[in-house]
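Student: If you want the building blocks of each chain, they are given just below.
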Amino acid sequence: EVQLVESGGGLVQPGGSLRVSCEVSRFVFINSWMAWVRQAPGKGLEWVGNINPDGHVTGYMDSVKGRFTISRDNGKNSLYLQMNSLRAEDTAVYYCVKDWGWHTFDFWGQGTRVTVSS
Amino acid sequence: QSVLTQPPSASGSPGQSVAISCTGTSSDVGGYNYVSWYQQHPGKAPKLLISEVYKRPSGVPDRFSGSKYANTATLTVSGLQAEDEADYYCISYAGGNDVALGGGTKLTVL
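Protein chains in written order, with the working numbering: chain A, 77 to 194; chain B, 3 to 112.
Chain B extracted, bound-state conformation (with noise of 0.2 Å):
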């Protein structure tokens, strides 16, 4: 099991744009189009928020967006509202039965 980088914490007011970065290797972020990001509130399981990159499954706000480029994959909150305060994780295939997971990001609203 790897482990991928991001950053322990973002912050940004609402109505502002936020980027949290998700960095692996060629093993796993940039060799597959299957990272995912995950949104954890407090004291709840985590929610799926983006899947193979950039796809959002229904019901996920479009605020929400994803992107990738070489080993780094991107979660980009747009229009930061109070309940976006919240853990996000990132997790990618790394090929056979491998995974890789983020540490987590806390994300505050100003």
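Pulled out of the complex, with its shape left as it was, chain A reads as follows (with noise of 0.2 Å):
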């Protein structure tokens, strides 16, 4: 069965910092795009951003551009998130997904939460 396992999550205060992680097992990762999705409390869904396989290739919603950073270690089978600069409509459940591709995302972890306040 296909795993992703996220973790990281917390209580951070405006303007800092936090790096969420996500491991996974049992799928080709080195042959996969990844992404995050997030979701803010009673909110729906919004797309984070995307890694290409080798990590060279990045995208982002406009809202995080320049502030969250993904990237992965595939020798580790793990996808990171690094979260900068953090406002309170940031705070979210983050999802790590496999996207299958053209945004089709076949496996989801539980989720980690991330809350931003003072």
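Keep in mind the hints are simulated off the structure, nothing from the lab. These numbers were taken from a predicted model, which means no experiment stands behind them. For each residue, glycine too, the CB sits at the ideal point set by N, CA and C. Treat the hints with care, since some could be wrong.
Unchecked claim - One side of the interface only, derived from the structure: several residues of chain B facing chain A at Cβ under 7 Å:
(1) Thr25
(2) His43
(3) Gly45
(4) Ala47
(5) Phe66
(6) Ile93
(7) Tyr95
(8) Val101
(9) Leu103
(10) Leu109
What the hints assert, rightly or not - Okay, derived cross-link-like pairs now, DMTMM-like style, lysine to aspartate or glutamate, Cα gap no bigger than 25 Å in a straight line:
(11) Lys57/B to Glu77/A
(12) Lys119/A to Glu165/A
(13) Lys46/B to Glu99/A
(14) Lys49/B to Asp64/B
(15) Lys119/A to Asp64/B
(16) Lys108/B to Glu99/A
(17) Lys46/B to Glu77/A
(18) Lys70/B to Glu77/A
(19) Lys70/B to Asp182/A
(20) Lys119/A to Glu77/A
(21) Lys49/B to Asp175/A
(22) Lys108/B to Glu77/A
(23) Lys46/B to Asp175/A
(24) Lys46/B to Asp182/A
As the list claims (entries may be wrong) - For each label pair, taking beta carbons as the anchor points, the in silico distance ranges come out as:
(25) His132/A to Ala72/B: 33 to 39 Å
(26) Ser139/A to Gly97/B: 18 to 24 Å
(27) Thr110/B to Val133/A: 37 to 43 Å
Hey, can you piece these two chains together into the complex? The hints should help.
Tutor: Structure, rendered in structure tokens:
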């Protein structure tokens, strides 16, 4: 069974930084596009950004450009989301997702909660 | 990131059929056959139900079906069951690295 396990969420003050991680297993990570999708409390899904298999190509939603960075370590089957200059509106559950292609997300992690508050 | 229009709510009785629409533009839903649908139960992660407009991944009951006409995609749930009560989201490829997401529909089984 494919597994994606996020970690690293928590409470952070506005303006602070946080890095969340996602460890994957039971699929060929090195061949897969990956993405982060978030969901604010009581709200819908938002695509945060994605990364190609070799890690050299990334894309982001406008509101996080310049603040968030997605990276990966294929040797560790891991995906990362570095979040800087955090704002209250970044408060959400962050899901690590496998992108099958054309923004079709076939496997999801359980999510990690990030709360930005003073 | 574009926004697709979904009705905020839908409902039906057990055994009935319910259709949930997802309306975009010719730049997303209407332009590509890469519309996917997701089911999310409270407190759980979303789960892929339909890919490429109408394709069901292994394990998804055939009560769930997808279709598309012009700029509107539709998810139909037939033979409603209590466990179908959940939030449903549509997502569409929108060219390049662009994506469009629906705001979600809360399905209630009466």
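Student: For every hint, state whether the structure bears it out.
Tutor: Tested hints:
1. Thr25: With Cβ-Cβ at 15 Å, over 7 Å, it is violated.
2. His43: 12 Å, violated
3. Gly45: 10 Å, violated
4. Ala47: 4 Å, holds
5. Phe66: Phenylalanine 66/B check fails; min Cβ-Cβ to chain A is 15 Å, beyond 7 Å.
6. Ile93: 6 Å, holds
7. Tyr95: Holds: closest Cβ of chain A sits about 4 Å from tyrosine 95/B, inside 7 Å.
8. Val101: 4 Å, holds
9. Leu103: Holds - the Cβ of leucine 103/B comes within 7 Å of chain A, reaching about 5 Å at its closest.
10. Leu109: Since chain A brings no Cβ nearer than about 14 Å to leucine 109/B, farther than 7 Å, the hint is violated.
11. Lys57/B to Glu77/A: It holds: about 21 Å lies between the C-alpha atoms, which stays within 25 Å.
12. Lys119/A to Glu165/A: With a Cα-Cα distance of about 12 Å, the restraint between lysine 119/A and glutamate 165/A holds, given a limit of 25 Å.
13. Lys46/B to Glu99/A: Since the Cα atoms of lysine 46/B and glutamate 99/A sit roughly 18 Å apart, the hinted pair holds (cutoff 25 Å).
14. Lys49/B to Asp64/B: 15 Å, holds
15. Lys119/A to Asp64/B: 28 Å, violated
16. Lys108/B to Glu99/A: 31 Å, violated
17. Lys46/B to Glu77/A: 17 Å, holds
18. Lys70/B to Glu77/A: Distance of about 31 Å is beyond 25 Å: violated.
19. Lys70/B to Asp182/A: 20 Å, holds
20. Lys119/A to Glu77/A: 29 Å, violated
21. Lys49/B to Asp175/A: 13 Å, holds
22. Lys108/B to Glu77/A: Violated, because 28 Å separates the two Cα atoms, which is more than 25 Å.
23. Lys46/B to Asp175/A: 19 Å, holds
24. Lys46/B to Asp182/A: 15 Å, holds
25. His132/A to Ala72/B: 33 to 39 Å: 37 Å, holds
26. Ser139/A to Gly97/B: 18 to 24 Å: 20 Å, holds
27. Thr110/B to Val133/A: 37 to 43 Å: 41 Å, holds
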